[in-house]
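Asker: Same order as they appear, the protein sequences are chains A and B.
If you number the first sequence the way UniProt numbering does, the last residue is 75 and the count never jumps.
If you number the second sequence the way UniProt numbering does, the last residue is 975 and the count never jumps.
In case anyone wonders, no lab produced these hints; they're calculated from the structure.
Don't take each hint at face value.
In the DMTMM-like style, the derived pairs of lysine to aspartate or glutamate whose C-alpha atoms are separated by at most 20 Å in a straight line are [stated by the list, open to error]:
{"id": "1", "chain 1": "B", "residue 1": "LYS91", "chain 2": "B", "residue 2": "ASP130"}
{"id": "2", "chain 1": "B", "residue 1": "LYS126", "chain 2": "A", "residue 2": "GLU48"}
{"id": "3", "chain 1": "A", "residue 1": "LYS39", "chain 2": "B", "residue 2": "ASP130"}
{"id": "4", "chain 1": "B", "residue 1": "LYS755", "chain 2": "B", "residue 2": "GLU778"}
{"id": "5", "chain 1": "A", "residue 1": "LYS37", "chain 2": "B", "residue 2": "GLU123"}
{"id": "6", "chain 1": "A", "residue 1": "LYS37", "chain 2": "B", "residue 2": "GLU736"}
{"id": "7", "chain 1": "B", "residue 1": "LYS228", "chain 2": "B", "residue 2": "ASP253"}
{"id": "8", "chain 1": "A", "residue 1": "LYS56", "chain 2": "B", "residue 2": "ASP44"}
{"id": "9", "chain 1": "B", "residue 1": "LYS367", "chain 2": "B", "residue 2": "GLU276"}
{"id": "10", "chain 1": "B", "residue 1": "LYS755", "chain 2": "B", "residue 2": "GLU818"}
{"id": "11", "chain 1": "A", "residue 1": "LYS37", "chain 2": "B", "residue 2": "ASP629"}
{"id": "12", "chain 1": "B", "residue 1": "LYS915", "chain 2": "A", "residue 2": "GLU48"}
{"id": "13", "chain 1": "A", "residue 1": "LYS56", "chain 2": "B", "residue 2": "ASP909"}
{"id": "14", "chain 1": "B", "residue 1": "LYS91", "chain 2": "B", "residue 2": "GLU276"}
{"id": "15", "chain 1": "B", "residue 1": "LYS673", "chain 2": "B", "residue 2": "ASP629"}
Over 10 Å on every C-beta distance to chain B, these chain A residues come out as not near it, computed from the model [to be verified]:
{"id": "16", "residue": "MET1"}
{"id": "17", "residue": "LEU9"}
{"id": "18", "residue": "GLU23"}
{"id": "19", "residue": "ASP31"}
{"id": "20", "residue": "ASP34"}
{"id": "21", "residue": "VAL68"}
{"id": "22", "residue": "VAL74"}
A virtual CB, placed ideally from N, CA and C, is assigned to each residue, including glycine.
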Amino acid sequence: MVDVSQHELVPEHTVLEEDVLEEVLTEYDIDRTDLPKIKRNDSALPDEADVGDVIKIVRNSRTTDQAVVYRLVVE
Amino acid sequence: MQNSTPKDIGSINFGLMEPEEYREMSATKIITADTYDDDGFPIDMGLMDPRLGVIDPGLECKTCGKHSGSCNGHFGHIELAAPVIHVGFTKLIRRLLRGTCRECSRLLLTEDERGEFYDQIDESRKLGRDLNDVTKAAIRQARKKDRCPHCGEVQYDIDHEKPTTYYEVQQVLTSEYSQRIAGAMQGDEEAGVERTTPDELAEKTEIDIGRINEILSGSFRPRESQRKAIEKALDIDLTEEDTNKLMPSDIRDWFEAIPDEDMEVLGINPERSRPEWMILTVLPVPPVTARPSITLDNGQRSEDDLTHKLVDIIRINQRFMENREAGAPQLIIEDLWELLQYHVTTFMDNEISGTPPARHRSGRPLKTLSQRLKGKEGRFRGSLSGKRVNFSARTVISPDPTLSLNEVGVPDRVASEMTQTMNVTERNVEEARRYVSNGPEAHPGANYVRRPDGRRLKVTEKNCEQLAEKVDAGWEVNRHLVDGDIVIFNRQPSLHRMSIMAHEVVVMPYKTFRLNTVVCPPYNADFDGDEMNMHALQNEEARAEARVLMRVQEQILSPRFGENIIGAIQDHISGMYLLTHDNPRFNETQALDLLRATRIDELPEPSGIDDEGEPFWTGYDVFSELLPDDLDLEFTGTVGDDVVVENGQLLEGTIAEDEVGEFGGEIVDTITKVYGNTRARIFINEVSTLAMRAIMHFGFSIGIDDETIPEEAQARIDETIEDANDRVEELIEAYERGELESLPGRTIDETLEMKIMQTLSRARDNAGNIADEHFTDENPAVVMAESGARGSMLNLTQMAGCVGQQAVRGERINRGYEDRTLSHYKPNDLSAEAHGFVENSYTSGLTPREFFFHAMGGREGLVDTAVRTSKSGYLQRRLINALSELEAQYDGTVRDTSDTIVQFEFGEDGTSPVKVSSGDDNDIDVERIADRVLDSEFESDAERRDFLGIKTEPTNLSEYADDRLVEGTEVTSDD
Chain A
1 MVDVSQHELV
11 PEHTVLEEDV
21 LEEVLTEYDI
31 DRTDLPKIKR
41 NDSALPDEAD
51 VGDVIKIVRN
61 SRTTDQAVVY
71 RLVVE
Chain B
1 MQNSTPKDIG
11 SINFGLMEPE
21 EYREMSATKI
31 ITADTYDDDG
41 FPIDMGLMDP
51 RLGVIDPGLE
61 CKTCGKHSGS
71 CNGHFGHIEL
81 AAPVIHVGFT
91 KLIRRLLRGT
101 CRECSRLLLT
111 EDERGEFYDQ
121 IDESRKLGRD
131 LNDVTKAAIR
141 QARKKDRCPH
151 CGEVQYDIDH
161 EKPTTYYEVQ
171 QVLTSEYSQR
181 IAGAMQGDEE
191 AGVERTTPDE
201 LAEKTEIDIG
211 RINEILSGSF
221 RPRESQRKAI
231 EKALDIDLTE
241 EDTNKLMPSD
251 IRDWFEAIPD
261 EDMEVLGINP
271 ERSRPEWMIL
281 TVLPVPPVTA
291 RPSITLDNGQ
301 RSEDDLTHKL
311 VDIIRINQRF
321 MENREAGAPQ
331 LIIEDLWELL
341 QYHVTTFMDN
351 EISGTPPARH
361 RSGRPLKTLS
371 QRLKGKEGRF
381 RGSLSGKRVN
391 FSARTVISPD
401 PTLSLNEVGV
411 PDRVASEMTQ
421 TMNVTERNVE
431 EARRYVSNGP
441 EAHPGANYVR
451 RPDGRRLKVT
461 EKNCEQLAEK
471 VDAGWEVNRH
481 LVDGDIVIFN
491 RQPSLHRMSI
501 MAHEVVVMPY
511 KTFRLNTVVC
521 PPYNADFDGD
531 EMNMHALQNE
541 EARAEARVLM
551 RVQEQILSPR
561 FGENIIGAIQ
571 DHISGMYLLT
581 HDNPRFNETQ
591 ALDLLRATRI
601 DELPEPSGID
611 DEGEPFWTGY
621 DVFSELLPDD
631 LDLEFTGTVG
641 DDVVVENGQL
651 LEGTIAEDEV
661 GEFGGEIVDT
671 ITKVYGNTRA
681 RIFINEVSTL
691 AMRAIMHFGF
701 SIGIDDETIP
711 EEAQARIDET
721 IEDANDRVEE
731 LIEAYERGEL
741 ESLPGRTIDE
751 TLEMKIMQTL
761 SRARDNAGNI
771 ADEHFTDENP
781 AVVMAESGAR
791 GSMLNLTQMA
801 GCVGQQAVRG
811 ERINRGYEDR
821 TLSHYKPNDL
831 SAEAHGFVEN
841 SYTSGLTPRE
851 FFFHAMGGRE
861 GLVDTAVRTS
871 KSGYLQRRLI
881 NALSELEAQY
891 DGTVRDTSDT
901 IVQFEFGEDG
911 TSPVKVSSGD
921 DNDIDVERIA
931 DRVLDSEFES
941 DAERRDFLGI
951 KTEPTNLSEY
961 ADDRLVEGTE
971 VTSDD
């Protein structure tokens, strides 16, 4: 099987620690359910990711160098 | 509508309405189907009861005392003789019937299962998912149960016959059970089934032999257990379906007993919507204002469709009651019940499949409630989201190069129809009086005035003088549009932001809207009969917003690609090319003439002195007058040479499409980004006028002779084509001999086609090259193609050299008759000629066969564009509907209306495409450069901050303020 997470076009996905998550949620003043979603069976996810976790995705961006996005794991 | 303040809507609840609520809000009970008595007065407790509201002006409403116009009308109600099903809820009713117990009405799920679904609903709600998925799953699981988990009652299938009939389907013993058993006991020798004697059967089923005989004789109906035993022993089916119709009243009773706790799992809020309310016992009667009757010319009254339908309902309702009281047989009652159901159904929706639509006497289907709301012309899409508006005008557009790109020429008759409200104060009272005294017909006049007491008076030719004297502070004057007013201008289809822009009015004679040709690209307009719409703004906020945000000059940069969408087009580009290509010289008169429509009224130092001792100005220098003084630029231009601008002076290069053109002209783009929109507007205006002067100076025309080539050139072209034909013949021969080698991944046939296409396209190119050799650089078609104004070298090749291969679906033309394209050719002729190669040029003229093939290719193009526009139009509509609720928030995130985050930073970089200047080919780190400059300039941070301050763009007020804004050039008006 190909591990897509190693592909150069797949950005880095990491599970967010609970305390960091709190900071993110207060920063945007949202519940975790207001975050964009990602399916648990998404092959880019790290193995330890579980439903309810929040994933931090760091993408390369032409204009801002790095763009950070958070997603809630569902199903 | 005076003294009405805007109100905030806190929330809206959707739910079912309780019958008692209908009765409470009802102004009267309706009992008679008649509307008016013989004297023409509405009958009390009839469908036109005066308590339902007023439609005739002058009458007073019996319920609220208001007059027509201010009284919204009041609902009445009809007490239905028997409950009927509401058509809008048939699916939900079916779901509830299937999911609940027929005996105890409880949900057919155990406590645990119910809890699970309850949690799922909670989660779905939190994640913003569709709750229907969960409720559907719950019903699906409940339906699987054969027995109620609470009371143990056996459950039957529910059959739904559209639209409003429900059956319970039970398996019962068939009436011909004895025959079936006897038949099975005979056995079947062919199928190898042995005979069964009654004794054997008795033994197998453990039923007494006497009983078996009684069953076989038909005098005893086997019990359920016995039936099953016999069925098992003989491998037969003794049941038949028995359908038991559920009357609306049964369903209502059933639903009344559903406990509140069970309903939340089904996505129903029991406090707001009890399921039994889906079965109507009371029908609300819409107020007369919702179904006004019209008096025809002959004095007859014509009633609204809804009234007709209500008449039907009341009639049947009365007949139903009479019959029931008279003790009519069940069959008649059921028929009437069904009829009542039909009328109530069609009253709400007359387009139900499986039900014949209720019709008017003329045979036209009635337009009932749902038809009023549905579809493009319905209440939502037709009357609420979009409606006809006042203060708008539409007419044909035509070009006017003397206007600024910010302006629009408005016909005087439009200007004096549409008005702007002037609030009269001491400071403008003289002006206001002047407008009013001009009356409604003379152009800068006024149509209405409003006195301080709120009374609105029409200004007429007769009263205008008198009225003008009375006008004073505190009045309002609706004056005509005048030069400098701001209006909104639009051309459909409004596909992007720039399809609606604000323009300043210039009132003009005649009947068309006039606009500067440089705003054609954003509107995608031309002047072959296009019409455009204009909207006059009606309050100060709108006018200010339009001026600051929507004016054409604010839209020069397109958010689509971050470059200018407005710039020189067509003749402007040819003109600039002629002016700058060979850097021609002009004497003083000529140079002044070129610049006469610009702000420049003094020539710079002459570029030099010619041989006769006269000073001259070069094209470069004339053009440079339009550039900002400190502009520096260097890039590769349209023609392929380097364009160099230093200190606002064009030093090298030709000005053409890539320099000043519409989609990303480098100079226009830079000026917009560096010097601001106002400067860019002035530049575009001046470039276009200079270019027009230049093209008029040189003269520019095109005729058939410009595409005709000398005979010897024609002979060479013929030779080339002959040559190509020969080579095609060779290819075909090789193919027929089987000597053609196929290319990798292609069949031999495909290889041949490809090679022929290649040969022929090379032939066309060669023909084009030969033709090109005979065109000078001054040839107008060449000038246009070179500069990018219009057309291409390919167009020129086709006009002068050879039109070339015609294609349908990317292949040579292969359709038509069996094995040939036209009956003029032999079957299986593979030659160039037989498959749509056009040897002639447009100038020399096509042969009839060539013309036919050319038409085939041309038709494909037309069909393609037609299909593409409709497809992409629909796609865009759906995209826009999906994206319209997304909004960039103050914290930089993009969220939808439920506050779910879509992007954490707008566009992932938080920048606007029109404010940023980076592309794949220019990575400018502006920030770093700016910081470096500032760092070397200032020692402390505070000093630096003091210097920088906060920069604000000047709010652009009007064209007339330009002189103060641009480079301090003091130019007084040129009129």
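Asker: Now, for every hint given, state plainly whether the structure supports it.
Answerer: Evaluation of the provided hints:
Restraint check for LYS91 of chain B and ASP130 of chain B: the C-alpha separation of about 17 Å stays at or below 20 Å, so the hint holds. A C-alpha spacing of about 24 Å is found between LYS126 of chain B and GLU48 of chain A, which places the hinted pair above 20 Å, so the restraint is violated. Between LYS39 of chain A and ASP130 of chain B, the direct Cα distance comes to roughly 17 Å. Compliance with the 20 Å bound is thereby established for this hinted pair. Restraint check for LYS755 of chain B and GLU778 of chain B: not satisfied, since their Cα atoms lie roughly 37 Å apart, outside the 20 Å limit.
For the hint linking LYS37 of chain A to GLU123 of chain B, the alpha-carbon distance of about 13 Å falls within 20 Å, and the restraint holds. Among the hinted pairs, LYS37 of chain A with GLU736 of chain B is inconsistent with the structure: their alpha-carbon atoms are about 62 Å apart, more than 20 Å. For the suggested pair LYS228 of chain B and ASP253 of chain B, the alpha carbons sit about 33 Å apart, so the restraint of at most 20 Å is broken. A hinted pair counts as satisfied when its Cα atoms are at most 20 Å apart, and LYS56 of chain A with ASP44 of chain B does not qualify at roughly 71 Å.
In summary, the hint linking LYS367 of chain B to GLU276 of chain B is not supported, as the alpha carbons are separated by about 28 Å, beyond the 20 Å threshold. Between the alpha carbons of LYS755 of chain B and GLU818 of chain B the distance comes to roughly 23 Å, so the proposed pair goes past 20 Å and is violated. A hinted pair counts as satisfied when its Cα atoms are at most 20 Å apart, and LYS37 of chain A with ASP629 of chain B does not qualify at roughly 54 Å. At roughly 42 Å between alpha-carbon atoms, LYS915 of chain B and GLU48 of chain A are farther apart than 20 Å, so this suggested pair is violated.
Of the supplied pair hints, the one linking LYS56 of chain A and ASP909 of chain B holds, its CA atoms being roughly 17 Å apart against a limit of 20 Å. Taking the CA atoms of LYS91 of chain B and GLU276 of chain B, the gap is about 14 Å. The hint holds against a cut of 20 Å. Restraint check: the Cα-Cα separation between LYS673 of chain B and ASP629 of chain B comes to about 15 Å, which is no more than 20 Å; the hinted pair holds. Every C-beta of chain B lies more than 10 Å from that of MET1 of chain A, the closest at about 30 Å, which supports listing it as non-interface.
No Cβ of chain B comes within 10 Å of the Cβ of LEU9 of chain A; the nearest lies about 16 Å off, and the non-interface call holds. No beta-carbon of chain B comes within 10 Å of the beta-carbon of GLU23 of chain A; the shortest separation is about 14 Å. Its closest Cβ contact with chain B, about 7 Å, brings ASP31 of chain A to no more than 10 Å, contrary to its assignment away from the interface. Against the 10 Å criterion, ASP34 of chain A falls within the reach of chain B, whose nearest CB is about 5 Å from its own CB.
Some Cβ of chain B comes within 10 Å of the Cβ of VAL68 of chain A; the nearest lies about 7 Å off, and the non-interface call is violated. Distance check for VAL74 of chain A against chain B: the nearest CB is about 7 Å away, which does not clear 10 Å, and the non-interface claim fails.
In summary, the numbered hints that this structure violates are 2, 4, 6, 7, 8, 9, 10, 11, 12, 19, 20, 21, 22.
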